[in-house]
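Participant: Chain A is fixed; fit chain B with the ligands onto it per the hints.
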Amino acid sequence: MSKSNSDFSVVGKRIPKLDAAQKAMGRAEYIQDIKLPGMLYGRILYSKYAHANIVKIDTSKAVALSGVHAVLTGEDVPEKMKMGFIKDNPPIKKGKVCSFRDEVAAVAAISPEIAKKALDLIEIEYEEQIGIFDPEKAMEKDSPLVHGHLKSNVLKMPWDIHYGDVEKAEKESAFVVEDRFTTQWVTHCCLGTSGAIALFDANDNLTIHTNTQIPSLAQKDFLESLKAMGLENKRVRVIKPIIGGGFGSKLDTYAYEHIAILLAHKCRKPVKIAFDRVEEFKATSTRQPTIIYIKQGCDKNGKLTFRDMRMVLDNGAHTSWGATTPSVMLMPISSLYRVENVKYVAKCVYTNNTYSQAMRGYGNPQATFAIESSMDMLAEKAGIDRIEIRRINRNQSGDETPQGLKITTCGLEECIDAVEKELKFDGKNEKGVGTGIASLIHVGGGARIYGSDGCGAILKMDDYGKVDVFTGGTDMGQGLDNIIAQIVAEELGLLAEDINVVHSDTDICPWDVGAHASRSTFVAGNAALGAAKKVKQKIQKFASKLFDVPAEKIEFKDKLVFVPGDQEKSMPLGKLLRKAHFSPGGTMLMAEYFYDPDNQNMGKELKGNMSMTYSFGAHGAKVKVDEETGKVEVLEYVAAHDVGRAINPLLLEGQVYGGVVMGLGYALTEEVTVKDGEIMNANFRDYKLFTAKDAVKIKAPIIETDDKDGPFGAKGIGEPGCVPTAPAIANAIYDAVGVRIKDLPITPEKVLVALKKKND
Amino acid sequence: MATNISFILNGDEISYEVKDHWTLSHLLREEMGLIGTKEGCGNGECGACTVIVDKLAVNSCLYLAIEVEGKIVETIEGLASTSGALHPIQQSFVKNGGIQCGFCSPGMIMSSKALLDKNPDANHEEIKHALAGNICRCTGYVQILESVEAVKNMGGQNE
Ligand code: FES
Ligand code: FES
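Protein chains in written order, with our numbering: chain A, 1 to 760; chain B, 1 to 159.
There could be a bad hint or two in this list.
[As the list claims (entries may be wrong)] BS3-like mimics (lysine-lysine), calculated; alpha carbons at most 25 Å apart, straight line:
no.	chain 1	residue 1	chain 2	residue 2
1	B	K152	A	K117
2	B	K152	A	K699
3	B	K118	A	K693
[Said to hold, decoys possible] Example chain A residues on the side facing chain B (calculated, C-beta under 10 Å, incomplete):
no.	residue
4	A24
5	G26
6	Y46
7	Q478
8	F684
9	K697
These are calculated hints, taken from the structure and not from any lab test. All C-beta atoms, glycine included, are put in the ideal place defined by N, C-alpha and C.
Same shape as in the complex, but just chain A (with noise of 0.2 Å):
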């Protein structure tokens, strides 16, 4: 039978974050705020041009300058020194840059001061070339190559995917919209920029400090720039301090943090790299930009018949997890509502531009935007109503959809009648007011990229009934720590507050894949759980001997561990502990666990079930648009989710008004305006986040649907909320004014053009 939450003591509480008081006394240590003796500043050159070869560098002048330690061009980077996940970047370019991001030198000097300084005096003269920077131009035959070695600036990628007949459904259904949508550069804007310290001890072992959602994964690049430096069977540590947010920014190693350790090791001293915000902007990845093609159809009574979606993606000049979007993108192409013909096409696309990386959603919120979009816009062609289309297709417990998806769990109903429940959609709003809907499905059971989706977790008892637990996962603020404890206090009788969860230092911390996929409360979670039943049944028999009864008659509650119905059989858990490591041939109460859940990778059919289980949620939008200006203007907003279960649902509220209100930003304000290859609004004047003046009213209605193999029956909710935000509003939109804007953001002028265009 499925556990009520009242039947938890610590796991469904609005607990606050246990570090919130330690921040909001501005006691939290961020990278900004590391110094270590010693200590020099290294600094950044990146190239003047879009296209170029370098001719020649002079860095005499900056060598020469007083309190300069070193300088480095791609001269000095190691030939196998290569970052990205097909090895195509090196750290500092040589011989030729490829986008204005290109990193072209490096300093490392006493002050912030002087390596800028030492920046300036670097002479270097480019032979500008051609640059490229439309995706679908570079696709053409006669494109310049952005790189020469290559045959085609298209990349090398298995995007191409067929389940079912989608030629045949087409022809059956009976109704049929096709359309072109676009979606823009966005990116992350942690409030805290990048940044990174490396320094080697005296035997050429690495620590490094580094703002990093992937703790492991990252020692492993930095073992491989290592052994690019010929240092062999080194050491590294990885040590990411309080972070200023992730969002999917730090999901992959970057030039700065390996330029860092080149420095480090050139000066032997602590170097320091710390991004400011101009370089935030200019020199960190952005959301992937896509131009996509969606057609797909319904039969007479609404049941969708096919779904056929094409893109192109602009990889920019380097590849990161950017171009790996696509496998994501393909779970709502092939599995948001039930829709048995499926096809899918992808090409990413070398240009000139910036490269993009993994960001919140990791490609979901461009596809869904397509995707919602369009099933407005059947809905319409086939007469009938936008809700009733979602209801009739929607996706049910005990599904398996045609790329492999099993659908343990799914409150999609649930949450599509709780936005209906908050909004009208009878379109009878008051003139210029509308409402719009949008659902989503995202991974909630982790998910299979790499060939381990595992976590570990080491738990350890101390002498007064308090634990540690050494996590593989990774907190950025989302509020992972606290789920942790919540879990593990649950399991163990204790308080959250009782739980020290020490997570982000890879020579204490066991091994993870990384923050991402909203896979941290699941597998995490579910690594933690399993140490702590592996600890309890261990005082469970320690305490069997002390009790004289069966272990599996000893419970844990309020720290007491006890016999329910006999009082002389009772202790505090601490007292416990005690004697276990007190008494002659005493134990340690320790555990470790590794969850690496039963999920699937794709193979080369590109089908699996990539999850253990899937989130999925409705998010509905009231808007009111002014005809005058195009000024669109958020009433209301609801964003229900099916979670599983909620830990904490006060962080989980947070997390969905996060992710809304970022999703507002991209379907609204939020764009990197690029022009010929160059960010032209690198700062928060330019670059429109939403403020606390744009503040919406956000209702979060919590689905819980107890998922069999959640911890607790919870999901993974970290991005969610940023998925469907888009299309509620652009549907939203149309259905104010009668526009359908196809192309993010939606701002005002596009608002405007589309009103002059209908009106005329």
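Facilitator: Just chain B with the ligands now, with coordinates in the frame of chain A:
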């Protein structure tokens, strides 16, 4: 050029030799080690560096250090009581989920304090207005606004 200035910092009289080009955030963070004041942009765009000078919330990354001569400066480090108890605004942010990554939090809390010191009964619009210069990427502002709402009328006083 350096100038000797005197000012009150979190209740203590301070005299400090400052270079003319130093910003207040540089003085606090780099010279005095008061890292609670954050820098998210260094250019007056994000509010992470907000401190209170003579009762006004200012961006310390734009404010010249020499300008605090004779003034009263409050930073996040001065908010908790000497016994370590959090200020009611800090408590409210903690309790209501106003803090995620925490990078914006000191600035948010200082902007809130400047508002509530002056206008303990601020209405929702006034709160939104007072925090408009403080960017937060994590929370969507919902729980931050709830934090400030919840502590209205108890704001200005320590303890
Ligand atoms: S750091 Fe001062 S406003 Fe951003
Ligand atoms: S809590 Fe992260 S920026 Fe506000």
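Participant: Going back to the hint list, which numbers does this structure go against?
Facilitator: 1 and 6
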